[in-house]
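Asker: Sequence:
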Amino acid sequence: MADSTRRRPRRQPTTVAIPLGIRPIGPHANLQARLLAAVFERTASNEEYQRGYWIPFGKKEAVRLLASPGPRVLRECVRLGYLERHGSYLAGGFSKAVRLPDRYRDGKFRLHPLTKSNNRNKPEKYLLDPVSLWLRSRMDAFSVGKINSHIESAWHYFSLLRIHTRDFFCMRDSFGNRFHSAFTGLPSYLRHFLSCALTVPHCREGQRGEPPPLLSAHSSSFFSSGKDTELIEIDVKTCQPLILGAEIKKTAPNEIDVDRWLDICSRGDIYQYVADAIGSNRKAIKKQMMRVNFGTIEYAQTMPAYHVMKNDFPAFLAHIEKLKTQDPKGHRHVAQVAQRTESRIMIDGVCGELMRRCPDLPILTIHDAVIVPRWAVDMVSEVIRATWRRELGVVPRLTTTSLGSPVAA
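The working numbering puts the sequence shown at residues 1 to 409.
Accuracy of the hints is not assured; some may be wrong.
What the hints assert, rightly or not - Under the rule of at most 30 Å between Cα atoms (straight-line distance), these lysine-lysine pairs were calculated in the DSBU-like manner: (1) K322 <-> K310; (2) K250 <-> K286; (3) K324 <-> K59; (4) K283 <-> K237; (5) K108 <-> K283; (6) K287 <-> K322.
These aren't lab readings, by the way, just hints derived from the structure by calculation. Just so you know, these numbers come straight off a predicted model, no measurement behind them.
All chains should be modelled from the sequences, with the hints used to inform the complete structure.
Answerer: See below:
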């Protein structure tokens, strides 16, 4: 008798989404389509739609996706003009990067049918660590309701389609080790349409039968209130400036202006501080400071924010410039340090702890932010603060934004 508990093999897709206007040709047409679909998915999840974001994608990725024909198919896509390839570290701290050409980078797509012969024995697309696999499993509880707002971009529509069809793309990139998914590509104005099928979380019991302290106060009646099932986004304010300050503090423990930088960042006020000094607004200054911290030294010096930082935080800025000039990867190394530290704290640290304590917790991550039900806000916020304190010795300011009330299960 067949084992009724045996899991059925996952049904392979019969269509893939590829950029509109591309027509795969030749004996490897379907393999070309699958490779292009992978690059398209990565582009959609990186929120860099129009800027020509380079996607790390070399021979190893091609083999992982398509087995032995992968490198040949990658070369074909470049030769046919379906992809652009950048072979040097200048692409962003990694070699062998690709991107969609400008004419195919508008987010418009079509569904390309796959033949059965190219649909069998599909290799594993992306190898995920245990925490990422857990985050992927949490996505099944979330959906997007009826949209009564104008969808601003074809890229946003693509992310919505992936969520509606339950095709949850997820990966961790090789540059900053960031966790990307269909939900990270969802802009803030569409996150308000998220809903979640909530159930009472199952928390593992301790060795003596007692529940872990994290959720011991919660009972099933606690989840019956519509207010308590509201989705909340918890955001770490000025996350990357705070990370850079904490990393520099390790090598320059006695610099007064680094301590001052950390103090202002911990309050979430660094962008407003520089904006007030220049007489500008916070949103514009945030973009400037991103360019000062992560752009080339020459480009950074053209920004008004650079001169405020040089005057008020000279030691901090000097260490940033030292990182840019001494590392062989150039100025991109600063962004890599910030992103990898962010991922280590928010994904491996915070989400790893939540996975251990409450494996049934509904949660989504968007880089330095998480989305959870209202009842979990205090619990998750405390885990975030404790993890930052342990890893970097600083406690960030957290803000919460209501995303509306989902339908309770």
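Asker: Determine for every hint whether it applies to the structure shown.
Answerer: Hints, verified against the model:
1. K322 <-> K310: holds (14 Å)
2. K250 <-> K286: Answer holds: K250 to K286 is near 25 Å, not above 30 Å.
3. K324 <-> K59: Distance ~28 Å between K324 and K59 Cα, so the pair holds.
4. K283 <-> K237: Holds - the C-alpha atoms of K237 and K283 are around 13 Å apart, at most 30 Å.
5. K108 <-> K283: Holds, because 29 Å separates the two Cα atoms, which is no more than 30 Å.
6. K287 <-> K322: Holds: K287 and K322 sit about 22 Å apart, inside 30 Å.
The structure is consistent with each of the numbered hints, conforming to all of them.
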